[in-house]
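Sequence order for the protein chains is A and B.
Residue 305 in my numbering is what sits at position 305 of the first sequence, and the numbering runs on without skipping anything.
Residue 439 in my numbering is what sits at position 439 of the second sequence, and the numbering runs on without skipping anything.
If you're looking for bench data, these hints aren't it; they were derived computationally from the structure.
Check before you lean on any hint, since a few could be wrong.
[What the hints assert, rightly or not] Ranges of calculated distance between the beta carbons of each label pair, as one might list FRET restraints:
no., chain 1, residue 1, chain 2, residue 2, range
1, B, Ala360, A, Glu87, 47 to 53 Å
2, A, Pro299, B, Pro111, 45 to 51 Å
3, A, Thr223, B, Asp363, 22 to 28 Å
4, A, Thr223, B, Gly430, 48 to 54 Å
5, A, Gly433, B, Gly361, 38 to 44 Å
6, A, Gln197, B, Arg4, 38 to 44 Å
7, B, Gly12, A, Ser115, 19 to 25 Å
8, A, Glu116, B, Ala105, 48 to 54 Å
9, B, Pro94, A, Asp133, 43 to 49 Å
10, B, Ala105, A, Gly433, 22 to 28 Å
Everything numeric in this text was worked out from a predicted model, so none of it was measured.
We put the beta carbon where it would ideally sit given N, CA and C, even for glycine.
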Amino acid sequence: LKDRLTDALKRSRSDYAEIRLEHTWSSSVAFRGRRLESATAALDQGGCVRVLNRGHGWGIASFTSVEQLPAMIARADELSRVVRLAEPIQLVEVAPHSADVELDLDGDVRGVPLSEKKRLLEAYNGEMLAVSDRVVDTQAVYRDEVSEYWYINSEGSLLRQLRPEVVVSGVAIARRNGNIEKGLESVGLRRGWNSAQQLAGKFRVVAERAVQLLDAERVKGGTYPVILDQELGGVFIHEAFGHLSEADFVYENPQAREMMTLGRRFGRPVLNVGDNGAASGLRGTLPFDDEGVPTQDTPLIREGVLVGRLHSRETAAKLGERPTGNARAISFRHAPIVRMTNTYIAPGHGTLDDLLRGIDLGVYACGAFGGQTMLENFSFTAAYGYMIRNGRIAELVKDVVLAGNLFETLDQIDHIAGDFQWNQMGGGCGKGGQFPLPVTEGAPHVRIERALIGGDVTA
Amino acid sequence: MIARVLGRLGPGARADGIWRRVEQTGVSFEAGRLKAAGASEEAGINLRVLRAGDKRVGFAGSTAVDEGGLQSVVTRALQSAELGEPLELAFPGPAPLSSLAIFDAAAAAAPLTRLVEIGQRVVERLQREGRQVNVGVQREIGECTVGNTAGADGSYAYTRVAVSADVTRIGGDDVLMVYDMFHAAALPDAVELDALIGSIEARLALAEPVVESPEGALPVIFTPAGLGVILLPLEQALSGKAVLQGISPLAGKTGERVFDERLSLIDDPCAPGRPGSRPLDDEGVVSQRLALVEQGRVRQFIYDLETAARAGQSSTGHGERGIFGKPAIGYSNLIVGGDAARDAGRGTRREAGLGGGLLAGLDDGLIVDDLIGVGQGNVISGAFSHPVGLAYRVRKGEVVGRVKNAAVAGDVYELLKRIGGFGNDGRWLGSRWSPSILLDGVSVTRR
Numbered sequence: 001l002k003d004r005l006t007d008a009l010k011r012s013r014s015d016y017a018e019i020r021l022e023h024t025w026s027s028s029v030a031f032r033g034r035r036l037e038s039a040t041a042a043l044d045q046g047g048c049v050r051v052l053n054r055g056h057g058w059g060i061a062s063f064t065s066v067e068q069l070p071a072m073i074a075r076a077d078e079l080s081r082v083v084r085l086a087e088p089i090q091l092v093e094v095a096p097h098s099a100d101v102e103l104d105l106d107g108d109v110r111g112v113p114l115s116e117k118k119r120l121l122e123a124y125n126g127e128m129l130a131v132s133d134r135v136v137d138t139q140a141v142y143r144d145e146v147s148e149y150w151y152i153n154s155e156g157s158l159l160r161q162l163r164p165e166v167v168v169s170g171v172a173i174a175r176r177n178g179n180i181e182k183g184l185e186s187v188g189l190r191r192g193w194n195s196a197q198q199l200a201g202k203f204r205v206v207a208e209r210a211v212q213l214l215d216a217e218r219v220k221g222g223t224y225p226v227i228l229d230q231e232l233g234g235v236f237i238h239e240a241f242g243h244l245s246e247a248d249f250v251y252e253n254p255q256a257r258e259m260m261t262l263g264r265r266f267g268r269p270v271l272n273v274g275d276n277g278a279a280s281g282l283r284g285t286l287p288f289d290d291e292g293v294p295t296q297d298t299p300l301i302r303e304g305v306l307v308g309r310l311h312s313r314e315t316a317a318k319l320g321e322r323p324t325g326n327a328r329a330i331s332f333r334h335a336p337i338v339r340m341t342n343t344y345i346a347p348g349h350g351t352l353d354d355l356l357r358g359i360d361l362g363v364y365a366c367g368a369f370g371g372q373t374m375l376e377n378f379s380f381t382a383a384y385g386y387m388i389r390n391g392r393i394a395e396l397v398k399d400v401v402l403a404g405n406l407f408e409t410l411d412q413i414d415h416i417a418g419d420f421q422w423n424q425m426g427g428g429c430g431k432g433g434q435f436p437l438p439v440t441e442g443a444p445h446v447r448i449e450r451a452l453i454g455g456d457v458t459a
Numbered sequence: 001m002i003a004r005v006l007g008r009l010g011p012g013a014r015a016d017g018i019w020r021r022v023e024q025t026g027v028s029f030e031a032g033r034l035k036a037a038g039a040s041e042e043a044g045i046n047l048r049v050l051r052a053g054d055k056r057v058g059f060a061g062s063t064a065v066d067e068g069g070l071q072s073v074v075t076r077a078l079q080s081a082e083l084g085e086p087l088e089l090a091f092p093g094p095a096p097l098s099s100l101a102i103f104d105a106a107a108a109a110a111p112l113t114r115l116v117e118i119g120q121r122v123v124e125r126l127q128r129e130g131r132q133v134n135v136g137v138q139r140e141i142g143e144c145t146v147g148n149t150a151g152a153d154g155s156y157a158y159t160r161v162a163v164s165a166d167v168t169r170i171g172g173d174d175v176l177m178v179y180d181m182f183h184a185a186a187l188p189d190a191v192e193l194d195a196l197i198g199s200i201e202a203r204l205a206l207a208e209p210v211v212e213s214p215e216g217a218l219p220v221i222f223t224p225a226g227l228g229v230i231l232l233p234l235e236q237a238l239s240g241k242a243v244l245q246g247i248s249p250l251a252g253k254t255g256e257r258v259f260d261e262r263l264s265l266i267d268d269p270c271a272p273g274r275p276g277s278r279p280l281d282d283e284g285v286v287s288q289r290l291a292l293v294e295q296g297r298v299r300q301f302i303y304d305l306e307t308a309a310r311a312g313q314s315s316t317g318h319g320e321r322g323i324f325g326k327p328a329i330g331y332s333n334l335i336v337g338g339d340a341a342r343d344a345g346r347g348t349r350r351e352a353g354l355g356g357g358l359l360a361g362l363d364d365g366l367i368v369d370d371l372i373g374v375g376q377g378n379v380i381s382g383a384f385s386h387p388v389g390l391a392y393r394v395r396k397g398e399v400v401g402r403v404k405n406a407a408v409a410g411d412v413y414e415l416l417k418r419i420g421g422f423g424n425d426g427r428w429l430g431s432r433w434s435p436s437i438l439l440d441g442v443s444v445t446r447r
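Let the sequences and hints guide you as you build the complete structure.
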């Protein structure tokens with residue numbers, strides 16, 4: 001394959017050319033309620049050629065028929081030449097890399113019979129169903145893959161990676177008459193079969209929470225002091241700031257560049273934020289991004305001040321900054337765009353108790369159903385929450401959705417605890433039609449002095 | 001291709017499958033400049049088998065469609081069936097297909113330069129100092145064959161054209177993003193491009209000044225783009241799967257008046273020229289227009305073959321499948337409205353202002369065009385709570401400016417008991433047709 005790739009690339013007429021090829025073996029098992037939905041294995045294969053010519057734009061050809069590679073190289077060149085550009089696209093210089101990296105497969109999922117995966121998930125699903133008669137429906141999903149990934153470019157990079165991934169998730173629905181509540185937990189790692197074990201406790205918690213929420217009141221809408229647990233803190237920083245730090249948002253927009261000038265203060269000195277694609281074993285971790293650039297730990301906010309952003313080779317060149325290894329594609333079906341990897345709020349000091357102290361009435365928002373950003377404004381949806389009364393955690397509340405504003409909410413963070421943890425959730429991030437991209441977030445407990453929580457105003 | 005795969009199964013085995021080949025060509029303009037042109041080709045097969053005798057069901061998919069790939073799909077589907085649940089599945093037999101206008105020869109034949117021209121025209125008309133204009137033009141040509149061992153064998157081709165435009169305007173620390181999209185089987189004509197540009201300009205024009213949000217239980221107009229939050233719980237609740245699993249708030253309410261008597265929901269897989277249309281579903285069931293909610297009454301839940309078999313119902317032709325995984329329930333084109341919904345489908349967008357003429361009589365309220373985080377949360381319960389992405393304040397029947405830092409919340413089932421009105425701005429947005437809808441008593445909070 002290596003020779004085929006090298007030969008194919010030699011035939012390219014373009015000034016710059018790169019080829020990605022992927023061969024992905026995956027299997028999945030799903031239970032719904034007491035029934036198996038499916039247990040199946042799949043093969044996915046294909047490639048993407050991306051080229052650039054002086055005076056022209058990107059030409060991109062993706063395909064599933066791998067034997068068409070030479071034709072696709074010609075096609076990408078034609079496409080590039082249709083695009084005329086007065087101001088040429090530059091790529092920041094990166095030393096070529098040659099590497100053959102087999103990530104820790106952690107119990108190669110390809111060697112485990114499908115029946116065993118079914119057995120494991122059936123046990124997890126059973127944990128949810130056994131919690132209570134109120135649990136009327138469940139969704140348990142196991143999915144794994146091992147992807148053989150090749151990357152070659154005309155500057156001399158040649159990379160082969162063997163990338164594993166395993167995701168296990170559980171949803172429990174509890175019902176009492178018209179009242180329907182949901183619990184959700186997932187685990188996603190760039191690891192294998194061994195990391196899918198011993199999750200029974202997590203599945204039990206999913207169902208217990210769904211049942212408990214049947215007795216919870218909806219949170220009353222308004223502004224509160226809010227403490228985020230580690231999971232929601234991670235989703236918060238991904239939505240609140242991570243997307244803004246993706247340089248493709250600013251690099252062609254002078255007003256955006258001004259708004260995101262390096263050195264601008266976004267938070268108080270307690271706030272330190274970064275993105276680390278090189279952290280070990282996390283879902284967003286890879287040795288190289290999809291432009292063959294090594295991943296790294298990139299500081300984004302240091303002591304409250306904007307110090308960096310995430311780049312592709314094109315955005316780094318345009319802004320005159322260093323490459324960070326953040327050009328990623330969800331698969332060969334897409335060209336890489338600037339994405340996060342493992343985004344975090346660095347630990348501060350103290351514990352949850354220290355954060356609770358002094359709050360007369362507030363909300364402790366826990367777990368994450370998701371988050372979304374429109375850059376200045378963003379949402380993050382807690383899976384559940386508790387009222388804080390007189391410095392103590394009080395009653396369970398539901399439908400806790402926070403409305404954040406980049407310039408107000410980050411600056412309202414006044415205390416960050418020392419209990420950092422990576423989330424290791426399944427799911428993924430969506431941008432530019434590419435979903436789900438494996439990412440991870442991490443955070444300690446975080447306190448926001450004042451945040452808007454949507455909800456009923458008449459209750 | 002499907003016949004070749006079915007032929008590899010042993011005698012007595014029953015199976016169905018889909019083969020699909022999709023070719024996409026697109027251009028993208030970034031900050032007003034043409035930056036990239038792309039093409040993609042994808043072909044794949046998805047197979048379901050029912051083992052002879054014990055009727056256990058298995059699934060497999062592959063994008064490798066050479067001889068080895070096809071054999072591997074069959075082998076993996078049979079392995080999957082070893083673990084599968086038994087299922088009394090009745091595959092549909094052969095049936096004549098109606099011809100639908102979903103393949104447009106001119107769109108299929110359009111050269112790349114034609115797509116560039118369309119994008120260029122949109123860019124030129126939206127470009128202004130201080131705006132970042134991104135435009136994408138994409139054309140898809142697809143072929144699809146659905147077949148089974150009961151003799152169903154349907155093939156069709158389609159084209160899909162998407163022109164998306166987004167404008168980002170940043171002033172100081174204010175980020176305004178306005179987005180819209182044209183989506184159809186054919187290339188847009190001048191009127192349709194005007195509508196796309198007009199819709200974006202109308203929302204930009206009303207975006208200044210930024211005003212404070214009102215607070216309280218208020219009347220809110222949900223535009224066709226903002227209506228997703230209201231419809232999503234209903235879409236989930238009207239799925240036969242939710243009924244089967246015991247989690248649909250609408251289960252057992254067939255014939256009952258649950259909503260305002262002017263509310264209708266229709267699923268129409270035969271709407272001409274629409275990307276959600278197809279002559280048969282991905283399990284070989286012939287398409288038909290179906291009323292789900294009529295005059296506020298629940299009429300019908302949607303089913304695929306498996307859910308129908310388990311629930312003792314018939315498939316309504318809503319089986320949807322990709323190359324990987326198993327078929328699942330999915331809507332085709334959802335048509336929402338009151339009386340207007342009946343002749344929708346042929347409905348092109350009328351010239352109507354933002355809010356669809358529902359502003360008159362609104363003393364203080366909001367127009368919600370975009371919410372953040374829709375779909376996240378406990379959707380099927382009907383409860384929602386979201387920050388606004390793009391919203392406007394209405395006072396004494398006039399838009400007075402854009403609202404930020406506010407959130408809306410409510411319960412869809414309560415709000416839809418009484419609809420304040422349907423707008424005159426019914427339009428397609430992807431595979432949904434709807435006008436604006438005015439709902440009273442939506443909780444609005446602000447920072």
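Taking the hints in turn, this is what the structure says about them:
1. B:Ala360 to A:Glu87: 47 to 53 Å: holds (49 Å)
2. A:Pro299 to B:Pro111: 45 to 51 Å: holds (47 Å)
3. A:Thr223 to B:Asp363: 22 to 28 Å: Distance hint for A:Thr223, B:Asp363 holds at roughly 25 Å.
4. A:Thr223 to B:Gly430: 48 to 54 Å: Given range 48 to 54 Å: violated, Cβ gap about 35 Å.
5. A:Gly433 to B:Gly361: 38 to 44 Å: holds (40 Å)
6. A:Gln197 to B:Arg4: 38 to 44 Å: holds (41 Å)
7. B:Gly12 to A:Ser115: 19 to 25 Å: holds (24 Å)
8. A:Glu116 to B:Ala105: 48 to 54 Å: Holds: the Cβ-Cβ distance is about 52 Å, inside 48 to 54 Å.
9. B:Pro94 to A:Asp133: 43 to 49 Å: holds (46 Å)
10. B:Ala105 to A:Gly433: 22 to 28 Å: Once the Cβ atoms are compared, 27 Å apart, the range 22 to 28 Å for A:Gly433 and B:Ala105 holds.
This entry does not satisfy hint 4, going by the numbered hints stated previously; all others are met.
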